[in-house]
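> Chains as they are written, first to last, in my numbering: chain A, 1 to 364; chain B, 1 to 127.
Hints were generated in silico from the structure; no laboratory data involved. Note that the structure is a prediction, hence the values are computed from the model and not measured. Glycine is no exception: its CB is placed at the ideal position from the N, C-alpha and C atoms. There could be a bad hint or two in this list.
If the Cβ cut is set under 7 Å, some of the chain B residues that face chain A in the computed set are [said to hold, decoys possible]: (1) Glu19; (2) Asp37; (3) Lys63.
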Amino acid sequence: MGAKMVDFNGWDMPVEYPASGERKTGGLVAEHLAVRKSVGIFDVSHMGDIRLAGPEALAAVQHMTMNDASKLQIGQAQYSALLYPQGTFVDDVIVHRMGENDYLLVINAGTREKDVNWVREAAKGYNCTVEDLSDNYTQIAIQGPNGWKTLQKLTDVDLTQVKFYWFTHGTVCGLPNTLIARTGYTAEDGFEIYVPSDEATSERVWNEVMKAGKEFDVVPCGLGARNTLRLEGALSLYGHEISDSITVWEAGLTRFLKMDKGDFTGRETLAKQQQEGIKRTLVGLENVDRGIPRDGYKVVDLGGKEIGYVTSGSPAPFLKRNISLAYVPVELSAVDTEVAVEIRGQNVKCKVVPIPFYKRPKKS
Amino acid sequence: MAYPAELKYTKEHEWIKIEGNTGTIGITDHAQNSLGDIVFVELPKVGSDITAGKSFGTVESVKAVSDLYAPMSGKIAEVNPELANAPEKVNTEPHSAWMVKVTLTNPAESSALLSAADYEKFVAEEQ
Chain A
1 MGAKMVDFNG WDMPVEYPAS GERKTGGLVA EHLAVRKSVG IFDVSHMGDI
51 RLAGPEALAA VQHMTMNDAS KLQIGQAQYS ALLYPQGTFV DDVIVHRMGE
101 NDYLLVINAG TREKDVNWVR EAAKGYNCTV EDLSDNYTQI AIQGPNGWKT
151 LQKLTDVDLT QVKFYWFTHG TVCGLPNTLI ARTGYTAEDG FEIYVPSDEA
201 TSERVWNEVM KAGKEFDVVP CGLGARNTLR LEGALSLYGH EISDSITVWE
251 AGLTRFLKMD KGDFTGRETL AKQQQEGIKR TLVGLENVDR GIPRDGYKVV
301 DLGGKEIGYV TSGSPAPFLK RNISLAYVPV ELSAVDTEVA VEIRGQNVKC
351 KVVPIPFYKR PKKS
Chain B
1 MAYPAELKYT KEHEWIKIEG NTGTIGITDH AQNSLGDIVF VELPKVGSDI
51 TAGKSFGTVE SVKAVSDLYA PMSGKIAEVN PELANAPEKV NTEPHSAWMV
101 KVTLTNPAES SALLSAADYE KFVAEEQ
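Produce the entire structure from the sequences given, and follow the hints as far as they go.
Printed below as a string of structure tokens:
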């Protein structure tokens with residue numbers, strides 16, 4: 001493919017793909033726009049997969065995650081997180097209920113070993129098995145408004161019947177019983193499919209998706225576009241918006257936190273924190289003055305005093321604004337509050353804006 | 001893209017075109033390709049001094065920010081006004097989308113620069 005590769009937690013990952021053949025423009029911006037307007041595909045095989053199965057699998061999942069997995073029907077998925085007792089993040093995960101007593105957690109690459117160990121430890125005492133299936137699957141994300149039309153050409157499943165954050169199994173590219181989930185990390189409609197990880201199969205499926213998507217000008221997308229797409233949607237990235245030193249309250253992920261579902265790891269501390277209140281919170285910033293905030297840059301008040309930091313920042317290719325996510329004191333977190341980001345010694349004015357920065361249009 | 005023979009190059013991936021005591025500076029095709037979609041070029045004001053080997057500005061793509069290093073020392077005579085509104089020109093025409101023109105103060109510095117052939121070799125080895 002001739003893509004620009006980068007080492008990402010031990011994986012050789014494409015940052016962006018060049019123009020090739022009939023595709024005249026390559027690169028991050030073209031990839032990003034393809035996903036917003038039509039369809040792009042991502043090799044996200046680096047994501048890990050942990051299966052918990054057995055009579056007490058649900059109890060184990062409930063114990064180790066913050067969302068309420070008891071609400072899941074078979075074929076349904078939810079965004080959730082593994083938490084430390086301190087109410088901070090081991091990782092964020094998507095919990096899939098595969099069967100009666102069968103759950104699949106999709107985890108991040110960078111935290112895989114830590115997550116697997118954590119889940120194994122947390123599941124001790126529960127009557128269920130824990131399997132690390134990460135090496136068994138190649139995960140391909142087909143994202144964008146024409147994602148479903150692209151995939152529909154390759155499967156016998158009626159994809160219009162699969163709702164957002166639901167999944168099913170069906171034949172894809174001749175591969176029976178393939179997991180097909182309407183999930184993604186682009187703030188766009190789309191699917192993720194899990195196919196056998198051997199190279200020949202992965203490559204064949206990738207090529208067939210490219211071919212099926214040709215009529216929609218499908219574009220292969222790298223990690224760069226994945227990052228800017230998720231940033232426009234204000235979706236958290238581990239090590240940035242969430243980490244082992246950031247709490248669920250601070251990260252603003254409370255709609256996925258079910259304090260009343262029963263006990264779970266982190267609950268006690270989170271209850272205490274809820275009483276005490278938080279000092280800092282995640283906000284969206286948009287530049288007022290010229291400049292591009294980047295990950296790790298300092299946030300200062302208009303008097304120049306350091307008050308926080310940028311967790312992720314970038315020009316937003318679809319919105320065409322410079323946007324960032326940042327931790328700031330609660331008292332400076334209201335929409336329209338002006339702060340500044342220190343960019344190479346200059347304090348560049350930004351204002352707090354609602355997040356997500358981008359919401360996909362509702363289906364008509 | 002071929003590297004024009006009339007330009008001189010640095011290992012930091014800038015090019016300079018020397019005409020009399022004026023140097024015109026930009027970044028190479030290799031540099032723009034590594035950076036990806038360029039969205040912002042920050043350049044010094046006319047009249048300011050730049051020093052060979054030292055940063056004189058920055059170029060930002062969607063995914064990264066990179067310093068611009070002066071191939072030679074001099075005083076900024078002109079800044080390309082086009083790049084403020086069309087920074088993507090650096091991607092499409094890297095060897096003609098110049099950034100600054102400099103009145104050179106130490107022409108002897110040119111001896112430290114790479115020829116097109118040497119630069120091409122350097123880039124090939126770096127990859």
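> Confirm or reject each hint.
A quick look at each hint next to the structure:
{"no.": "1", "hint": "Glu19", "in the structure": "violated, 31 Å"}
{"no.": "2", "hint": "Asp37", "in the structure": "holds, 4 Å"}
{"no.": "3", "hint": "Lys63", "in the structure": "holds, 5 Å"}
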